[in-house]
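Asks: These protein sequences, in sequence, are chains D and F.
For the first sequence, the tail end lands on 264 under this note's numbering, and the numbers increase by one without skipping.
For the second sequence, the tail end lands on 264 under this note's numbering, and the numbers increase by one without skipping.
Because the hints were derived from the structure by calculation, they are not lab data.
Just so it is clear, CB atoms sit at the ideal spot from N, CA and C, and this is done for glycine as well.
Any given hint could turn out to be false.
As the list claims (entries may be wrong) - A few chain F positions that, by computed beta-carbon distances, are all more than 10 Å from chain D:
1. G64
2. D67
3. I163
4. H166
5. E223
Stated by the list, open to error - Derived pair list, reagent style DSS-like, types lysine-lysine, alpha-carbon separation capped at 30 Å:
6. D:K225 - F:K195
7. D:K195 - F:K28
8. F:K105 - D:K105
9. D:K124 - D:K105
2 protein chains.
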Amino acid sequence: MRNIKLTIEYDGSKYNGWQRLGNTENTIQFKIESVLSRMTGENIEVIASGRTDAGVHALNQVVNFKTNKILSSEYIRDYCNKYLPKDIVIKDAEEVDDRFHARYNAKSKKYLYRIWTGEIPTAFHRKYTYYIPHYLDIEAMKKASSYFIGKHDFKAFSSVKSKKKSTIREIYEINIKEEGKEIQMMFHGNGFLYNMVRIMVGTLIEVGEGKRRPEEIEEIINTKVRQNAGPTAPAQGLFLYQVYYEGLQV
Amino acid sequence: MRNIKLTIEYDGSKYNGWQRLGNTENTIQFKIESVLSRMTGENIEVIASGRTDAGVHALNQVVNFKTNKILSSEYIRDYCNKYLPKDIVIKDAEEVDDRFHARYNAKSKKYLYRIWTGEIPTAFHRKYTYYIPHYLDIEAMKKASSYFIGKHDFKAFSSVKSKKKSTIREIYEINIKEEGKEIQMMFHGNGFLYNMVRIMVGTLIEVGEGKRRPEEIEEIINTKVRQNAGPTAPAQGLFLYQVYYEGLQV
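The following block holds chain D by itself, in its conformation from the complex (with noise of 0.2 Å):
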């Protein structure tokens, strides 16, 4: 059998995310899942780098897939845009090494968080950014990320239910910009809990907000109270930006 690794972008504004159990026909997987069906006749499943949740987009989601027929990653590709909705978009396929799992060979992650910021709302980025209509000390915001560099156990900043899965997590880096009137926040690590990303965002906003102190977040993380925290962050900021394989930048 051939694999095939998709690297794809889509606005997640309409869909139940990435995969849902019970009502599946709004999401992601199955939309992209139907489309690789129809086009071999096999009844394909895909293995995705990781979930997102509803309304999450991606600029780079990566898939794999198993597949008997032969057909070109230009064929694959071409036939997948043509019939996808037009907010999934195939941005390359290419055949791999039968051993590439997406979620399994996944090194670290890079995820972006978007921000509005001001007193004017923005008509075009609205679903691609969190409004907030006042100020934010960006400076703060910058030295309590630092905060979360390293190897923590992020417990305090995830909504998982299950105790007996590890909660610790290694960030490697945060980078948060100004770009007119957006707040650009970048996170990598090695993953991300369930909402986590959200969630430091949602503290990080109360710190940019004076609302806590930079230093409290070191003390957040040491609680592993998921209650100490700030809010989960709306969905439609977060976008899953890259995925980065062993030797391999995708």
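For this one, chain D is given, so just place chain F on it according to the hints.
Replies: Frame of chain D, contents of chain F only:
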């Protein structure tokens, strides 16, 4: 009475244009007049710099309206942004001279047309660009666009039905540039006929595709026959970018 000028940004995707005869409720004008009437308790009518068609966007549409109510500019702006649909944003409100008229006093306008090119479509810009999957010869398009510059009878480049009104307009500048996968075409002129920008774009695209020589633009203008020009490019790539008033850059 006070005369208030508004600068407005809107995502035209969902609307039947700025104004429409018949079913007027799904127009941008109707949405704005409804909110202003509610705010003032008066029956407000707004005058726009010009109409935009269904699906066309605006970054800086300018309107004015008269009211007896004394309200601060910030109050007007914030009230509107609170009650307007999220795809319509008041960027600025200011009290202006009683004689200011958003349509009659407009001296020139800029329109932006955005094209997305390449083998891979876009999930995020699909509502704000016209996607052309094949190569376009930008240099030929730039050369062709130079024939539009100056004062011409643009009858061949309009869908105007009335034969009474003048179809002479002056184009000051057309700037075509590539930004990654985007081609951005900026048109600056003293006024534009109905569908004029979209027909100019449709014709320039045919030049970019090698279907026409750049020099043909001059010939098409001279024939004054609509059928000799190219097709009307789709609405979703068009933005009313800026409206200029005497001694006043809005």
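Asks: Confirm or reject each hint.
Replies: Going down the list of hints, with the structure as the test:
no.	hint	result
1	G64	18 Å, holds
2	D67	17 Å, holds
3	I163	30 Å, holds
4	H166	33 Å, holds
5	E223	19 Å, holds
6	D:K225 - F:K195	42 Å, violated
7	D:K195 - F:K28	25 Å, holds
8	F:K105 - D:K105	35 Å, violated
9	D:K124 - D:K105	18 Å, holds
Checked against the numbered hints given earlier, the structure breaks hints 6 and 8 and satisfies all the rest.
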